[in-house]
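Given only the sequences and the hints, what does the whole structure look like? Please build it.
This note's numbering numbers the first residue of the sequence shown as 52 and each following residue consecutively.
Mixed in with the good hints there might be a few duds.
Simulated restraints on C-beta separations [unchecked claim]:
id, residue 1, residue 2, range
1, Ser102, Ala126, 32 to 40 angstroms
2, Lys144, Tyr112, 43 to 51 angstroms
3, Gly147, Val109, 46 to 54 angstroms
FYI, nobody ran anything at the bench for these hints, they're computed from the structure. Even glycine gets a Cβ: it sits at the ideal position worked out from N, Cα and C.
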Amino acid sequence: MLWRFEAVLVDAQRANSRFQHSSPAPGGLSHRAECSRPLPPRLLIIGGVASIVFGVLVIIYPGTGALAAIWWIGAYALVIGVLSLALAFRVRKLVGPSIAD
Numbered sequence: 052m053l054w055r056f057e058a059v060l061v062d063a064q065r066a067n068s069r070f071q072h073s074s075p076a077p078g079g080l081s082h083r084a085e086c087s088r089p090l091p092p093r094l095l096i097i098g099g100v101a102s103i104v105f106g107v108l109v110i111i112y113p114g115t116g117a118l119a120a121i122w123w124i125g126a127y128a129l130v131i132g133v134l135s136l137a138l139a140f141r142v143r144k145l146v147g148p149s150i151a152d
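What follows is the structure, given as structure tokens:
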């Protein structure tokens, strides 16, 4: 099983290095300037271990895990709603009054 994990890490590093090209982006900065180093495998391992630990905790305490998921979904919906309203007012100001007005 460990060899599969190492193969995934190698594939992720190859994919990361493929995207580090030096062609200029539309904003004028090159992608290489923004992402000069590949993601360290250490961080991938820490993220995997944290996911396993939180998964085990959700299995042990399913009520608390469901409540936490509901809070995260609610916070996400609230933020997206506020941002959508802000975008709607900004677009309305740029476009002008519509036929529905």
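Do the hints match the structure? See the list:
1. Ser102 x Ala126: 32 to 40 angstroms: violated (20 angstroms)
2. Lys144 x Tyr112: 43 to 51 angstroms: holds (47 angstroms)
3. Gly147 x Val109: 46 to 54 angstroms: holds (49 angstroms)
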